[in-house]
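Chemist: Build the full structure now, drawing on both the sequences and the hints.
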Amino acid sequence: MTEAQWGKSMNDHMSDHLLVATRKGLFALERERSGWASNLIGFPGIPVTNVLRTDGILYAAIRYGHFGPKLHRSDDDGRTWKEIAVPAFPPDAADAPSLFQIWTLEAGGRKFPDRLWIGAIPAGLFRSDDRGETWQLVSSLWNVPERARWFGGGYDAAGIHSILPDPRDEDRVLVAISSGGVWETRDSGASWSVLGKGLVAPYVPPEQAEDSAVQDPHRVFRCARAPDVMWMQHHAGIYRSTDAGGEWKRLALPCDDFGFAVTAHPHSAETAWFVPAMKDEVRMPRDGALCVTRTSDGGETWEIMRQGLPQRDAYDLIYRHGLDVDESGERLAMGSTTGALWTSDDSGESWDLVSGHLPPIYAVRFV
Amino acid sequence: MAEIHFTSHLRNIVPDGPLAAAGTTVGEALANLLAVQPQVRGYVLDDRGALRKHVCIFADGERLHRDSALARRIGPDTKLYVMQALSGG
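Protein chains in written order, with my numbering: chain A, 692 to 1058; chain Z, 41 to 129.
Heads up, some of the hints might be wrong.
Ranges between beta-carbon positions, derived for each pair [claimed, not checked]: (1) Z/Ala60 <-> A/Pro735: 29 to 35 Å; (2) Z/Ala75 <-> A/Asp978: 39 to 45 Å; (3) Z/Asp107 <-> A/Asp766: 40 to 46 Å; (4) A/Gly747 <-> Z/His45: 39 to 45 Å; (5) A/Asp821 <-> Z/Glu102: 43 to 49 Å; (6) Z/Arg88 <-> A/Arg859: 46 to 52 Å.
Hint data in this document are derived by calculation from the structure and do not stem from the laboratory.
The beta carbon of each residue, even a glycine, is placed where N, CA and C say it ideally should be.
Modeler: Pasting the structure below:
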């Protein structure tokens, strides 16, 4: 496939290419006239914890059950793969952790075309300025004193799942940690501030509930065109910020406001999608009926969309990176823990099942 | 020289074996082997240099405890098997 075919279009055309990272390999899907065609393009049988395509290069984070996390790149869209350096905590890093998993990979942005970021479990942030040939732990974040209050959310150790460079100034990056709050650097990682005024954690003693460093953002997403607007699925509720993460307002939903995934409309600062699930001791759709909820007015009102989604006996959970919207804002993809993959071509109002038999899905990404 | 066999799960990483390495302990023999096969390191040892949690080593048929495996003394004819544990898959 050529770069022009694969690349996200900068206009309003819907993306016809989707990457799906699963418990048993990496899949590439291409939209054809008759529907989506799926190909296993790498790592059969091996967990692929996330995937990134930037500047024509594919990066796949894998985690062998026995042999640890690894990182591979492909310059030919998955026909061939090369193992590259995997981030490691340096020997003198405080508390001497071992890398468990690469949780997220992001590109540095236009200002830093050779830069990649990795968020890991334990919650190390790693930066590469040579397209993944070498990696450095961002020790300034690892060494913040507040790290003593971070703790695991979903996994045993705290982890970084959201890395959001500001497209207006890519030295400025917001990072979200389960469970360690949201952090911002304005100098490419040299120094950090904890943000998150307004977030409330009901899972700690009441006097600590507003401690920014114990918040559990499950996922944070920012509007590409209005980057000050951010949406958060928190462990306890759904929040929106209009000042790039400084202050957050909890939004009232007419449905469950627990879940993991969120994605934001690339153009409209008022529009975002979430996937409700019963809260934390259950973690599955209410009454076995899967839905997606969308706001188009900044969180004032919400639509609950079920068309095409299973409405009985569904136990699908959508993980943090399991929901994506393309650059048109019209086409969405959603992959579940039970291996179901859906797409929508009408902004989430109706969904088509692409496959009900994939391995458990960790991440979906339009490219 | 110890004779080192690797699980077939690592056939894409480790050259066809068995391989030979000198050393008076499992850790020494492994270190000598990894010096010439550095691509194997991250698959057997974690980034702290410890044996990976889900990798197990047998020395002359005896399964070694993970915490003490690398310190285990070996003889010149020891056969080592580096296997995946049944946990972790």
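Chemist: Which numbered hints turn out to be false for this structure?
Modeler: When the structure is compared with the hints, numbers 2 and 6 turn out to be violated.
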